Amino acid sequence: MPQRVVVIGGGICGLATAHRLAREGLAVTLLEASDQLGGLGTFFTSQGRSVERFYHCVMPTDTALLALLDEVGLRESVGWNPTSMGMIVEGEHRSFNSALDLLRFRPLSLANRIRFGVVSLLLRRLGKGKDLDGMRTEDWLRGLYGDKIWELLLAPLFGAKFGAAFGDVPALYVWQRLGRESNESVRGYPAGGYKSVIDALRAAIEAHGGEVRTSAPVWRLEAGEDRVLVTLPGGETIEADHAVSTVPLPALRAIADPDLLPLLPDDRLPYQGVVNTLFFLRKPLSGHYWAPVIRSGTDFDGVIEMTPLTGSERYGDRHLVYVMHYTDRESALYREDSESIARRWTEQLLSLHEGLTADDVDEVRVFKAPFVEPVYPLGYLTKRPAVEVPGTRLLLATTAHVYPDVTSWNSSVELSRAVTATLLRDARSPSTQESTAWSAESAR
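Numbered as in our numbering, the sequence shown ends at 444 without a single skipped number.
Derived from the structure by calculation, the hints contain no laboratory data. Computed from a prediction, not measured in an experiment: that's the story for all the values here. Possibly wrong hints are sitting among the right ones.
[Stated by the list, open to error] So the derived label-pair ranges between C-beta atoms look like this: (1) Gly224 - Gly316: 51 to 61 Å; (2) Gly224 - Phe44: 18 to 28 Å; (3) Leu157 - Asp70: 27 to 37 Å; (4) Leu110 - Phe44: 25 to 35 Å; (5) Leu350 - Leu103: 22 to 32 Å; (6) Leu121 - Arg365: 32 to 42 Å; (7) Ala111 - Arg295: 29 to 39 Å; (8) Asp317 - Ser215: 41 to 51 Å; (9) Arg282 - Arg125: 28 to 38 Å; (10) Ala67 - Phe44: 26 to 36 Å; (11) Arg268 - Ala332: 17 to 27 Å.
No residue lacks a Cβ here, since even glycine has one placed at the ideal position from N, Cα and C.
Model the full assembly from the supplied sequences, consistent with the hints where possible.
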């Protein structure tokens with residue numbers, strides 16, 4: 001009889017984990033609390049088309065994600081397009097891709113423009129052999145770029161991502177990010193959108209005998225040396241040989257029973273949430289995929305134009321734009337009602353783009369997510385929790401575990417691969433098989 005595994009959380013990490021375990025012959029049940037799978041890849045419908053609530057793209061360096069897409073027959077569906085970066089500083093729009101763009105970047109002095117270009121070119125090399133995990137981002141980058149570049153350009157960028165603690169984030173995270181992204185880059189997007197990826201993974205899990213349940217929140221989780229017990233609202237219980245939790249650590253601690261709770265990593269790791277507003281426009285903006293917004297009188301810190309990557313046809317010949325602000329889930333902005341955010345951010349977007357009027361705005365949607373990015377402390381490599389919870393059959397696969405990799409679908413898929421390998425090793429060990437046989441015999 002195959003061993004039974006419960007996977008908690010139906011984001012990309014949970015889906016990838018359930019897919020691989022089911023393919024290896026284990027009896028898998030995936031439980032997702034909401035009515036949709038996908039986590040940050042969930043979607044809504046506009047004019048009969050599915051649209052992601054939060055922006056996503058595939059990078060050529062996303063080898064783990066591309067391998068997973070290959071497994072479910074979707075790798076060839078990814079369309080690749082060159083994309084570029086802009087920057088909006090004090091209300092002025094600038095291209096920010098080439099050496100010539102940098103030389104024209106007047107917010108910095110000529111000397112600082114040259115310094116920025118040289119350091120940026122060498123930054124990946126300058127980080128090799130250094131203890132960047134124990135070095136503050138501000139200390140490292142301010143030392144390399146100088147005070148002016150840090151204060152005028154870099155501090156606003158990192159502050160937008162990590163909030164008040166931006167300068168304290170380990171420099172290793174920044175260095176690692178450089179290996180995945182660049183200002184001008186080819187990016188990819190699945191022809192059927194990210195919903196096609198989610199649907200394909202669900203179909204693959206079910207084709208191998210797995211069970212996928214949405215609207216199935218876990219009320220309580222018990223985990224011991226020989227089994228796990230999951231209780232759902234209403235009293236339904238699922239007993240399994242192993243469990244994998246992919247939900248954020250604070251959410252996991254909220255469902256852990258009193259015996260399991262002290263064995264879990266503590267939840268003092270802060271998380272940034274996000275407020276994300278989507279605009280369907282009747283005309284394009286600058287044509288840049290990504291443009292940070294600095295000191296320009298807006299609440300949002302960045303503009304993502306999806307149409308240069310995906311084309312406008314999939315949105316009903318409209319142009320899809322995301323604007324966002326990363327913030328703590330307890331902040332006033334996060335708690336503000338969506339209608340007032342939509343009104344204010346529409347006015348701010350119009351103020352940034354000359355020639356864009358209210359008549360050009362066809363539809364506005366606001367979405368929020370509470371746990372998007374952990375704010376990692378210095379020395380996190382030595383503090384990062386293990387995937388195995390000691391003395392239990394519970395494994396963890398969360399964003400708290402992907403560091404120093406950048407939080408992304410690719411890093412989540414890579415983590416799922418490692419956790420799956422660990423679980424399969426344990427499931428196939430003689431001691432586990434004997435324990436399972438003993439439990440089955442005792443139940444007769």
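Results for each hint:
Between Gly224 and Gly316 the CB atoms are about 53 Å apart, so this pair conforms to the stated range of 51 to 61 Å. Between Gly224 and Phe44 the CB atoms are about 40 Å apart, so this pair departs from the stated range of 18 to 28 Å. A hinted range of 27 to 37 Å holds for the C-beta pair Leu157 and Asp70, which are about 34 Å apart. Here the CB-CB span from Leu110 to Phe44 is close to 47 Å, at odds with the stated 25 to 35 Å.
Judged by the Cβ atoms, the range 22 to 32 Å given for Leu350 and Leu103 holds: they are separated by roughly 31 Å. Look at Leu121 against Arg365: about 39 Å separates their beta carbons, and that is inside 32 to 42 Å. For the pair Ala111 and Arg295, the beta carbons lie near 21 Å from each other, so the given range of 29 to 39 Å is not met. Distance hint for Asp317 and Ser215: a CB-CB separation of about 34 Å, inconsistent with the stated range 41 to 51 Å.
In this structure the supplied range 28 to 38 Å is violated for Arg282 paired with Arg125, their Cβ-Cβ distance being about 46 Å. Taking the beta carbon of each, Ala67 and Phe44 are about 29 Å apart, inside 26 to 36 Å as hinted. Range check, Arg268 to Ala332: about 23 Å between beta-carbon atoms, so the 17 to 27 Å window is met.
Violated hints, in rising order: 2, 4, 7, 8 and 9; the structure is consistent with all others.
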